[in-house]
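J.: The two chains are supplied separately, each in an independent frame; assemble them into the complex guided by the hints.
Given next are the chains, with one letter for each unit.
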Amino acid sequence: MSKHIDPVRTEPVRLRVKKTYKLYVGGKFPRSESGRSYPVTTPDGAELANAALASRKDVRDAVAAARKAQKPWAGQTAYLRGQILYRAAEMLEGRAGQYAEELSDATGAELHAALGTVEQAIDRLVHYAGWTDKVAAVLGGANPVAGPYFNHTTPEPLGVVAVVAPGADPLLGLVEAIAPAIATGNTVVVATSESMPLPALSFGEVLATSDLPGGVVNLLSGKTSELAPTLASHADVNGLDLSGVHDSDLATELEAAAAETLKVVRRPGRSGDSLDLLRQWIEYKTVWHPAGMAATAGGGY
Amino acid sequence: MGSILSGVEAASLVRSLPGVDAVGLEARAAGLATRSIKKESKAEAIDLAIGMIDLTTLEGADTPGKVRSLCAKAVRPDGDAPSTAAICVYGAQVATAKAALAGSGVKVASVATGFPAGQVPLEIRLADTESAVREGADEIDMVINRGAFLAGDLERVYHEIKAVKAAAGDARLKVILETGELVTYDNVRRASFLAMHAGADFIKTSTGKVGVNATLPVTLLMMQAVRDFRAETGVQVGVKPAGGIRNTKDAIKYLVTVNEILGDDWLSAHWFRFGASSLLNDLLMQRQKLKTGHYSGPDYVTVD
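From first to last, the protein sequence lines stand for chains A and B.
Okay, so the first sequence: first residue is 27 according to the working numbering, each after it adds one.
Okay, so the second sequence: first residue is 13 according to the working numbering, each after it adds one.
Pulled out of the complex, with its shape left as it was, chain B reads as follows (with noise of 0.2 angstroms):
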């Protein structure tokens, strides 16, 4: 989808976006997140987000062996529970990952452009993402360059973004706008558009590196961007908040905001994700709580 904005056009747009009323989105998140979901629409929500879920492993210590591993469980979580969406992991452990999920269904999503900071010269970045595909990434999860966003250069976050995109060819371009950096709730809009008219198949919150990672009103203005944007260009756009959300309560949260913001349109591992490690887990322990009628524990999950 490459846009037909100029990077004047397109930095124009972006700026003249009307402001958030923060207190107003604040107040509707924590209005969602007051819903009680129980028994069956609990057990279809639990199973909903575990096929929704990019597994994540991005540490300096990952081995073929731990990343291996984790594929297993992302194809079979437990016993009836279905696959999760997708392996998230770095560049180099991309062929490692694509080889132990063939014929799964489970996807492979890679980072790159110099993950998490995205901090080095484009032409690596670049050179990065394609590297990526190369190996066989069917999404790339890329990060914007917050130093030009916060310095008011967006024609060249813009270019940026679109560069990627070209260089990631048919795989899904999900761009991380990393809004624990971005501070206000207006540039994190301004940054959801951004991306979008450069070309975005998804937007995702946060790498999990900072402090702040996604946050449920963080992730309902975005969802409100991507709406607004399908209204007026007819392109839809995915979601994914990733850090922070830990348990299925938040999960759940995140599905009430999805259906009521977005709508059954959304509702599907093609256009959102969670990007989480640890969520899984208390997904699979609700799960069993679900079918054997008591609180289960750590010890009947795998360690990862």
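Isolated chain A, as found in the complex (with noise of 0.2 angstroms):
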């Protein structure tokens, strides 16, 4: 390649190095397998880059993943996966400006405003991270009963959750939906914002550098309509977060098909406080112990 020179400098150009913006899968940064991209934009119409665009297979693989890392995740104690999910923030915060800039490009918002959104987001992970070793004294507890038994209900993870992220809140927004569901023991596969998913792309980089397990957050960006429908109806996704759907029929469409496969659904619109959140991905494990002699005897089981 030939020099550029600058006329006034006369010293050579340096060419930026673009970012590509890939997927998030099973800890991996791959392109979609279909090899496809969409061109993403500002919402004035100026180019931002080109993004991978996931297919059918796409999900299917980041199920896959999300599968293999919901155990060994639910299986770490509360108290480290705090720890990751304030790493998170440490991350985010030591590059909160990078991340304002790409959520103003993405959004129009002025750079402050970004930077007030992105600050949000750090403080949401925060306060999810302090939930982790809160949920199970809060949700769950011993229930008293009329018998010669301790009987104790807790809170455990559903599994898989499927994210369908809003598509106006880029950054704000999926991590209100992710943390929530990761903190007690969740993994979840995210269909990102479809006009808007570099912030949610690179927001992919900030947890691969938290030491969380590859698998436990999987981001695809590409048509809601083309992968929401697929992450509905698969029969090994526990859960489904249809919040980011604004589309009445097709939240319809999505909440028949999840039906047909057992899922719990969060519908369209439906807000909480973060203990309701938390609560959307969880089920309950009540288990009836035997008590007095038989228990102290070692015979408890």
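Read the hints as simulated data drawn from the structure, not as lab findings.
Bear in mind that the values here come from a model prediction, so they are computed numbers and not experimental data.
Each statement offered as a hint is correct.
Derived contacts from chain A toward chain B, CB cut-off under 8 angstroms, selection only:
| # | residue |
| --- | --- |
| 1 | S259 |
| 2 | H260 |
| 3 | A261 |
| 4 | T287 |
Computed cross-link-like contacts, DSSO-like style, restricted to lysine-lysine with a CA-CA straight-line distance of at most 27 angstroms:
| # | chain 1 | residue 1 | chain 2 | residue 2 |
| --- | --- | --- | --- | --- |
| 5 | A | K54 | A | K249 |
| 6 | A | K83 | B | K50 |
| 7 | A | K83 | A | K54 |
| 8 | B | K303 | B | K265 |
| 9 | B | K51 | B | K301 |
| 10 | B | K261 | A | K83 |
| 11 | A | K249 | B | K51 |
| 12 | B | K303 | A | K249 |
| 13 | B | K265 | A | K83 |
| 14 | B | K301 | A | K83 |
| 15 | B | K301 | A | K97 |
| 16 | B | K261 | A | K97 |
| 17 | A | K94 | B | K261 |
| 18 | B | K303 | A | K83 |
| 19 | B | K85 | B | K110 |
| 20 | B | K85 | A | K94 |
| 21 | A | K311 | A | K97 |
| 22 | B | K301 | A | K249 |
| 23 | B | K261 | A | K48 |
| 24 | B | K265 | B | K85 |
| 25 | A | K94 | B | K303 |
| 26 | B | K78 | A | K94 |
| 27 | A | K249 | B | K50 |
| 28 | A | K45 | A | K249 |
| 29 | B | K221 | A | K94 |
| 30 | A | K94 | B | K265 |
| 31 | A | K83 | B | K51 |
| 32 | B | K303 | B | K50 |
| 33 | A | K94 | B | K301 |
| 34 | B | K78 | A | K97 |
| 35 | A | K83 | B | K54 |
| 36 | B | K261 | A | K54 |
All C-beta atoms in this analysis are idealised placements derived from N, C-alpha and C, irrespective of residue type, glycine included.
T.: Structure, rendered in structure tokens:
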């Protein structure tokens, strides 16, 4: 390549190295299996980059990765999951400027407003990092029963949760969908905002450098109308977050598909405080445990 | 099919085989692995593959209960899916499997001859074989003496296979070459011909107990040997890749290869088998996907 000479400075101008925005699946950053990509622009149409256009097979691979990661992730101590979420907040803090710029490019927001949003996202991560070891105490407990038994209820993660991320809120909305799900030991597969996928795909880099095991969060950029139905009907997905679906016909269709394979569904527009969001992706296990002599003699089970 | 060759003749025949073009072999296998099989063809391939499985459990922890539940799965894997070809177990579990499969048409294959290492005296290997046949095994999966083979004592390997063949009687004899331990393609070709000359009804790649199990190039090479052997002698021998074939995509690659190298004559459970355990669940999940239109998951198949 010939050197570009700036007429004023008369020094070679360096060509910027542009980032290739790829998917985040199983802890790696693959291109789409289909080889497709699509142009991503600012709200006024200026081209930003090409993002990978995920296919149904990428969904399948991502769900397989999420399934594989789920048991080990749920088996980690709540304390460690909290540490890792906190670490993600630290990583995001360190790169807040870059994310503010990406967010501002994507949404057209002023840079200082975008920085405010990034800071909110950081605070959300810290908030849910704190929740990890408190969920069991708040949502579980010892139940009074009329018999010589201890009766405990403990919250357990649902499994693999599919998330259709909010279209207009590409970073904070994403963090608010992911954090409560993974805090309790679920793993997630996310269809990112279709028109603004870049902040989400960059967020994958934060997760990848936070000791989050591969497969716990999987990010797929592409057409919502293509990815969401595959996620909704996938029999190995246990929960479906439709909070980012704005088309009510599509939402109805997705809910019907989810019902066929017995999923917990969070409907579009449903909001709540953080405890509600945590509770959404939890199921409860109640165990009866003999009390008294038998238990103290070691014959508890 | 007793061979008329003496050990010395068989060994010299095998030693004079031409070397294998490794690069060409691997390129051919890689080329065949790119075929795209979809929709109706895929549905047919899945059912064909299910019907070719030797559903295998070869663990120290095998119990009669586990063998019986695996037999039930072999007979009726899922809804209207076809039965598998056979159950493959250790000799000690043959009677249990035989009783559980009575009248189902699913065969009982037993590994024998000191599986998987084969490092026991010949009389014990023969007794192992006779006992499995007495218990009702329809097929015997023997291991060759890799120690003797690698030491160059081909005559000994040949005579041992012949002896096991005689001990197996009417049971079909599958000869496990353990290609992962033979190291080179040339050795795999030699061992294939040696086994076929000695009277093998099937040649099988691996025990599933070593690091390298069935690979597509090795199986392709064995298929070529089987094809050439029939052209030479008129005797048809089956092929069984075993170990490491875990998903539908892999199984279909093998079927494509059978079709290309051997043709229709071998595309049945009588002449081609998969030695596998986890493959069946993946085939069933893919089958459910084709039927329902959505991806299935491990919650919808049995845990073995």
